[in-house]
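A.B. asks: Here are the chains, one letter per residue:
Number of protein chains: 2
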Amino acid sequence: MKTAILGTGTVARTIAARLVELGHDVTIGTRDAEATLARTEVDAMGNAPFAAWSAGNPDVTVASFANAASGSELIINATNGGASLHVLALVGAENLSGKVILDLANPLDFSHGMPPTLFVKDTDSLGEQIQRAFPAARVVKSLNTLNADLMVHPDQLSESSTVFVSGNDADAKHTVTALLEDFGHRDVIDLGDITTARGTEMLLPVWLRLWGALGTPAFNFKIVR
Amino acid sequence: MKTAILGTGTVARTIAARLVELGHDVTIGTRDAEATLARTEVDAMGNAPFAAWSAGNPDVTVASFANAASGSELIINATNGGASLHVLALVGAENLSGKVILDLANPLDFSHGMPPTLFVKDTDSLGEQIQRAFPAARVVKSLNTLNADLMVHPDQLSESSTVFVSGNDADAKHTVTALLEDFGHRDVIDLGDITTARGTEMLLPVWLRLWGALGTPAFNFKIVR
Numbered sequence: 001m002k003t004a005i006l007g008t009g010t011v012a013r014t015i016a017a018r019l020v021e022l023g024h025d026v027t028i029g030t031r032d033a034e035a036t037l038a039r040t041e042v043d044a045m046g047n048a049p050f051a052a053w054s055a056g057n058p059d060v061t062v063a064s065f066a067n068a069a070s071g072s073e074l075i076i077n078a079t080n081g082g083a084s085l086h087v088l089a090l091v092g093a094e095n096l097s098g099k100v101i102l103d104l105a106n107p108l109d110f111s112h113g114m115p116p117t118l119f120v121k122d123t124d125s126l127g128e129q130i131q132r133a134f135p136a137a138r139v140v141k142s143l144n145t146l147n148a149d150l151m152v153h154p155d156q157l158s159e160s161s162t163v164f165v166s167g168n169d170a171d172a173k174h175t176v177t178a179l180l181e182d183f184g185h186r187d188v189i190d191l192g193d194i195t196t197a198r199g200t201e202m203l204l205p206v207w208l209r210l211w212g213a214l215g216t217p218a219f220n221f222k223i224v225r
Numbered sequence: 001m002k003t004a005i006l007g008t009g010t011v012a013r014t015i016a017a018r019l020v021e022l023g024h025d026v027t028i029g030t031r032d033a034e035a036t037l038a039r040t041e042v043d044a045m046g047n048a049p050f051a052a053w054s055a056g057n058p059d060v061t062v063a064s065f066a067n068a069a070s071g072s073e074l075i076i077n078a079t080n081g082g083a084s085l086h087v088l089a090l091v092g093a094e095n096l097s098g099k100v101i102l103d104l105a106n107p108l109d110f111s112h113g114m115p116p117t118l119f120v121k122d123t124d125s126l127g128e129q130i131q132r133a134f135p136a137a138r139v140v141k142s143l144n145t146l147n148a149d150l151m152v153h154p155d156q157l158s159e160s161s162t163v164f165v166s167g168n169d170a171d172a173k174h175t176v177t178a179l180l181e182d183f184g185h186r187d188v189i190d191l192g193d194i195t196t197a198r199g200t201e202m203l204l205p206v207w208l209r210l211w212g213a214l215g216t217p218a219f220n221f222k223i224v225r
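Residue numbers (my numbering), protein chains in the order written: chain E, 1 to 225; chain S, 1 to 225.
Since the hints were derived computationally from the structure, they do not count as laboratory data.
Be aware that a few hints might be false.
Listing some non-contacts, in silico: residues in chain S with all C-beta distances to chain E over 12 Å [stated by the list, open to error]:
1. 1
2. 18
3. 21
4. 39
5. 71
6. 92
Output of the computed footprint for chain E on chain S, the stretches with three or more beta carbons under 8 Å from beta carbons of chain E [what the hints assert, rightly or not]:
7. 115-125
8. 153-167
9. 187-200
Quick reminder that beta carbons are idealized off the backbone N, C-alpha and C, glycines included.
Whenever a hint applies, use it, and build me the whole structure from the sequences.
C.D. replies: Put into structure tokens, the structure is as follows:
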């Protein structure tokens, strides 16, 4: 599938590499492709320079947000939650119309120190904000409840765990669920419409504290019935 | 252990019966013991009249909030979250001083319709509100992330699942953890101080939506590593 990934950080890179491995046609969208490809410094999170990563992943095209999205059927939002609406505006509503947006972002607010809080919650969610801003797109919230490695390689854990999908469009949720299964997920729970993203985004506070208590981000929620 | 349970609903009854089964000395605390024992109507949630339940559970004493708590080492808050601070004020700070309060309540706000939202979240929690209101008590938040039956009989699920403890006092968390293990819990994660109750209370929104999606409250979170 022709897929655009918005963002250039760890989540974007991890998803991009895995999609290429699975045979997808992947373009990373960024504000200024030339500037991104010229980056030789480590990023704010300590990741390898984008140029080095790109050299090791030659099958991933890099383009502007709009160009990456215009030719793609699936748009994956792997930007920071605080930047997501702005980036999607740069992509442009015309490039999102009818498309599936897989929204991985969390509405984390670091302005009050650590651990971060959520800038939208409980009576609204980032997933809903994106759906309202781009009503012709088909937003599916998923994979925001586990770390990048486990998003695409859930078999690294000792046993099967659970991921969730939230969205208004059944076909879009089927598309995303098939992708999740390709990644290796065996238990995908459809929570309902996009308002149910309130639930999965509000998992972040306990996720952050579990990271502290367990000393590793290599864990995931499993819903035991 | 001499234990007071605050509340007369399903959670209080379920915990009380299980504690008696495990050999504890249990008193249910209520506003007016005589009035509670005289109740012959089903309650707002459709539960059997308290009088009928009490007749079937003769080993559970019923007393006023203050009398139930004054002679007990462990106080279990099984009231509705919206009533918890008021009920604990009726118990009285002098009856809570030095005691372990196991807080099971969730800060659910039903005033905006279903599903409920949370009246405190993200930058504060009900567990913290209780700890601040009764600084001489030792509050441990736990078991607010699963339904009453599973709180005390987790072996009803197909496999082991996870529960959490949050609190400032290590000894109080050990007391609660031992009780959870007596109930049958095999994976108890100590998340840290009482501020980590923000994380587990914020699990409620996804819990409520999972109940809808799965069609049953008989499920629990497991943290797969």
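A.B. asks: Does each hint fit the structure? Answer for all of them.
C.D. replies: Right, here's what the structure says about each hint:
{"no.": "1", "hint": "1", "in the structure": "holds (26 Å)"}
{"no.": "2", "hint": "18", "in the structure": "holds (20 Å)"}
{"no.": "3", "hint": "21", "in the structure": "holds (23 Å)"}
{"no.": "4", "hint": "39", "in the structure": "holds (34 Å)"}
{"no.": "5", "hint": "71", "in the structure": "holds (35 Å)"}
{"no.": "6", "hint": "92", "in the structure": "holds (32 Å)"}
{"no.": "7", "hint": "115-125", "in the structure": "holds (count 5)"}
{"no.": "8", "hint": "153-167", "in the structure": "holds (count 6)"}
{"no.": "9", "hint": "187-200", "in the structure": "holds (count 8)"}
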